[in-house]
Amino acid sequence: MRVLKYRRMIKFLTQFGRYFLLLKKVFSKPEKPVLYYKQTLRELVYLGLNSIGIIAIISFFMGAVITLQTAYNTENPIYPKYLIGLGCRDSMILEFSSTIAALILAGKVGSNIASEIGTMRVTEQIDAMEIMGVNSASYLILPKMIATLLFNPILTLIAIIIGIFGGWIAGTLAGVITSENFIYGIQYAFIPYYIVYSLIKTVFFAFIITSVSAFQGYYVDGGSLEVGRASTKAVVYSSVLILLFNVILTQILLS
Amino acid sequence: MIRVIKLNKSFNGKAVLENISVIFETGKTNLIIGRSGSGKTVLLKSIVGLHEIDSGEVWYEDTLFNKLDFAGKKKIRSEMGMLFQGSALFDSLTVEQNVRFPLDMFTDSSLEEKIERVNFCLNRVDIINANNLFPSELSGGMKKRVAIARAIALNPKYLFCDEPNSGLDPITAILIDALIKELTEEYSMTTIVNTHDMNSVMEIGEKIIFISDGVKCWEGNKNDILNSDCGTLNDFVFANSLAKKLRTVSK
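Heads up: the sequence lines are chains A and B, in that order. So the first sequence is numbered by numbering that gives the first Met the number 0: it starts at 0 and just counts up by one. So the second sequence is numbered by numbering that gives the first Met the number 0: it starts at 0 and just counts up by one.
None of these hints come from the bench; they were simulated from the model. Accuracy of the hints is not assured; some may be wrong.
Taking beta-carbon pairs under 8 Å as the criterion, some of the chain B residues facing chain A (in silico) [said to hold, decoys possible]:
1. K73
2. R76
3. M79
4. P101
Where a beta carbon is used, it is the ideal one built from N, C-alpha and C, also for glycine.
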């Protein structure tokens with residue numbers, strides 16, 4: 000039993016070390032910055048622009064559900080109606096736009112990164128780059144990282160706006176709140192720092208999604224089965240780390 | 000010239016290559032042959048530095064390659080071209096972009112110059128009007144040719160080919176072999192080819208080493224191979240019934 004624990008610990012530490020060695024390779028000086036720039040633009044489209052649709056749809060319905068649930072839980076006349084709008088706004092800004100969106104992106108972007116890099120590994124495309132003398136880790140991962148670090152805050156802002164819009168539509172259509180009350184609520188006691196807090200979290204989450212998924216893909220050994228496993232691991236580990244860092248960052252930034 | 004001296008490589012404590020010493024000559028097509036799983040690919044990948052070796056030396060001319068750091072290896076690697084078993088073309092790039100990739104990375108040539116070089120390399124391997132196709136749109140033989148074009152784009156001094164004929168029909172395989180031999184002579188490269196295809200051995204085997212269970216068992220050329228005393232080599236060379244019959248007839 001102790002031997003098994005010891006082995007697991009060694010395995011964990013080895014993986015941990017490999018992760019940081021990979022990051023060292025990723026952040027080393029690029030061979031041709033202009034090529035990295037082009038790759039980054041490409042990744043901005045693949046990983047960023049192409050994620051707007053899913054983020055918009057999910058945020059809209061999330062905002063709608065938050066509004067309806069808040070309304071049904073604050074039916075007591077003691078509570079002013081505008082609290083529904085305030086609840087929707089703060090929920091979207093503080094938690095849903097950053098954390099839930101990050102979990103969704105871990106599924107979409109994370110699995111995409113892990114399977115793309117993993118497939119390149121098993122089909123020897125990464126070896127081909129290494130043979131040419133290209134720093135494959137940097138060339139493949141750095142543009143993805145920059146793209147997500149730049150674009151995920153934009154996705155978060157989009158999620159906030161569309162989520163609140165979804166709340167307004169659902170609230171007014173269901174007749175649980177008037178348009179005036181909702182708009183008053185989303186303006187009431189607004190703290191701009193909450194947006195900054197949300198964006199800081201998003202940047203951390205973007206880094207986690209890209210680096211963890213790329214790590215899983217880069218060290219795949221085997222065939223298509225292993226690429227599938229790496230993709231699953233990328234989503235699971237990214238999601239767990241996002242939730243863990245959500246707690247840590249909330250404690251640091253809001254305490 | 001590439002010299003390998005007492006090379007050892009193991010995975011998880013299991014020895015895969017033991018005490019391999021060999022000289023690969025310039026301007027010749029050097030073949031590493033052996034059964035599947037004998038350690039050919041591991042040897043080739045150890046020579047090019049894709050696998051860290053346990054002990055031994057790999058010399059490129061007068062440079063001890065396996066002791067170099069990343070920057071030092073990068074310099075030697077800019078003189079290498081490699082053809083992988085599955086071609087290893089970049090899926091997201093077109094044929095032209097694949098061949099242009101090393102030129103984009105390591106030269107400061109203008110776009111026109113690079114495209115001119117790409118077209119020259121593609122013409123050299125008989126790929127015409129395929130610049131804008133993606134690898135998924137190519138046949139196996141075409142993929143190999145494009146991979147060769149990419150490998151020679153930077154005029155390499157060393158060419159490595161891992162099972163260049165795998166998955167190809169005999170006629171296409173002979174064409175690929177002939178192309179490798181021609182390019183080796185034309186550019187005076189040191190070429191190392193991993194294969195278990197006896198047709199390749201008889202077509203282009205100017206220098207051959209035979210590996211069995213990670214150990215070098217025999218060294219010679221295509222003229223010597225049919226008259227060897229090495230039992231494991233004979234089992235390999237005369238594995239099929241046609242070869243066995245021919246041997247009996249010749250005796």
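Tested hints:
1. With a cut of 8 Å, the hint placing K73/B at the interface with chain A holds, because the nearest CB-to-CB distance is about 4 Å.
2. Interface restraint check for R76/B: the shortest CB-CB distance to chain A comes to about 4 Å, inside 8 Å, so the restraint holds.
3. Below 8 Å, beta-carbon pairs count as interface contacts, and M79/B has one with chain A at about 6 Å; its hint therefore holds.
4. Proximity of P101/B to chain A holds as hinted, the smallest CB-CB distance being about 5 Å (cut-off 8 Å).
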